[in-house]
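Colleague: What follows is each chain in one-letter form.
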Amino acid sequence: MSASGLVAQLTEVALAILLAPLLSGWVIQCRAWLQNRSAPGLLQPYRVLAKLFEKEVVLAHNASSLFRSAPYLIFGCLVLAAAIVPTLGTDLPLNPAADAIALVGLLALARFFIALAGMDVGTAFGSLGARREMMVGFLAEPALLMVLFTASLISHSTSLTTIVETLAHREFVIYPSMAFAGVAFTMVSLAENARIPVDNPATHLELTMIHEAMVLEYSGRHLAMIEWAASLKLFVYSCIGLALFFPFGVAQGGDWLGLVLALPAFAAKLAGGGAALAAIEMVSAKMRIFRAPEFLGTAFMLAVLALLVHVLLER
Amino acid sequence: MVLHYGPQLVNLLAAVLLLLAFAMLSQRRILSLINLFAAQGLVLFMATVLVAMITAQTHLYWSAAVTLVLKVFLLPWILHRLIRRLNVKWDVETLVNIPTLMIFGLVLVILAFNLAAPISLLAGTVTRSTLGIALATVLLSFLMMITRSKAVPQVVAFLAMENGLFFAATATVYGMPMVVELGIALDVLVASLILGVFLFQIRSRFDSVDTRHLERLKEQ
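Chains A and B supply the protein sequences, listed in that same order.
For the first sequence, the numbering used here assigns the number 1 to the initial residue and increments by one for each residue that follows.
For the second sequence, the numbering used here assigns the number 1 to the initial residue and increments by one for each residue that follows.
Any given hint could be a false lead.
[Said to hold, decoys possible] Incomplete in silico selection of chain A near chain B, CB under 8 angstroms:
(1) E294
(2) T298
(3) M301
[Stated by the list, open to error] A partial selection of chain A residues facing chain B, derived with a Cβ cut-off under 7 angstroms:
(4) G297
(5) V309
(6) L312
(7) L313
In case anyone wonders, no lab produced these hints; they're calculated from the structure.
All values derive from a computational prediction rather than experimental measurement.
For every residue, glycine included, the Cβ atom is placed at its ideal position computed from N, Cα and C.
Kindly produce the complete structure, drawing on both the sequences and the hints.
Modeller: Here is the structure:
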């Protein structure tokens, strides 16, 4: 473990926690621009969080301790997930702690707790949302695993830093399998982050909502943690996407200059990714909920195709 | 630069071709289907030009030009006109539901890759590994042809199958002789015109372009 690695690790975690609401704000801003209306401002997510932290918590009578602890557990899972995805440098002290499979496991753990919390109070909406979330989850997870396995096959390792190092710092090679994996990953991350073709993040319409239905019972600081965790999830998925498909500019090993240069590159890539997300959301329409399995089934199939194409073309 | 990344770029374009074949397989709307077909033609054109540049085979430029004119502009234009006059823009019914179709498609891809692996070991061309993809595209188009009930998607699938065959020829032996290629291009063009006339006949007989009506023909 080197000093620069430690700095990279700490910067990464701090950036993830602090910048996640900004990324959500940026996506909202881009959508507003594309829809030709004025946006609420980039810092609006922070203001919402500050307001929620000040408000008092209202709990249902039959809410268990799970309901109260779930927001912190979810937040913790996502912070750890953000810590193990290499975005600035590849020399991360936390890297041996978890590989690509454990990353998917962490995201699954967060989903498990939010679904349990949704059902805990026993309202109809909560369990409806939890069931829908699990339906999306069990289809999205294998697809995400397959995408990560494609990258693992290319770099012969499931360790995320090795994957990024192979993709970013070896001689530049065009991987056709990554084209398939990229499309599959985009579809999975749209579904996982409750984005438009699968869910709509901007509405509380009962027929369509998945994520919002689960968290309806939350209020005050609990809701703030949940909202923060939701934007952190978007941030983590963006980081995974950038690490796998645009790993350029990530510092190699203990390179201080590279680390400094990686920061603006990372910011630019995130801004581009957010704008792309807003553009995708603009041109697609919300699907019926029962079309979601088909959408995610296609994502899984594309990810499997990525593996097959790797075997055929790149061996 | 082109020579160094050329084979990799051909591989990438081959992958995009396969991606488009799957997109066509899962497409519900006729209009998007035709646009996807035009996109497939464009990818095919780029791949052919690239192979021509890598191998310095001048006759491939000609077949690329034929591809561009025929498959990117002329045939999509004819198809667009056809659906406008038949007034069938939206509905595509599949006989099997789409997720099942996707799984069938995946099985076909595995089959095609396995079939092509020993053949491409024998070939000496730089693009030999794309043969599996070309074969998969042919099989996927065939699957699309037999699982659609409306006539227009069947025609598009037929044309997409020709795309796959053309790519297979380019990938394994750097294109067919010019006479054969022109002959096939003409065949496809004439076939699409005849099928167009045929569609109008079906519609005037049954008031729809569903080919399932043809299964119940009886002498009155």
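Colleague: Evaluate each hint against the coordinates.
Modeller: Each hint tested on the structure:
The beta carbon of E294 of chain A comes within 5 angstroms of a beta carbon in chain B, closer than 8 angstroms, and the hint placing it at the interface holds. Of the supplied interface hints, the one on T298 of chain A holds, with its beta-carbon coming within about 6 angstroms of a beta-carbon of chain B, less than 8 angstroms. Proximity of M301 of chain A to chain B holds as hinted, the smallest CB-CB distance being about 5 angstroms (cut-off 8 angstroms). The closest approach between the C-beta of G297 of chain A and any C-beta of chain B is roughly 5 angstroms, which is under the 7 angstroms cut-off, so the hint is satisfied.
Given the 7 angstroms rule on beta carbons, the hint for V309 of chain A holds: about 5 angstroms separates it from the nearest Cβ of chain B. A cut of 7 angstroms between beta carbons decides the hint on L312 of chain A: the least distance to chain B is about 5 angstroms, and the hint holds. About 5 angstroms separates the beta-carbon of L313 of chain A from the nearest beta-carbon of chain B, less than 7 angstroms, and the hint is met.
In this structure, every one of the numbered hints holds.
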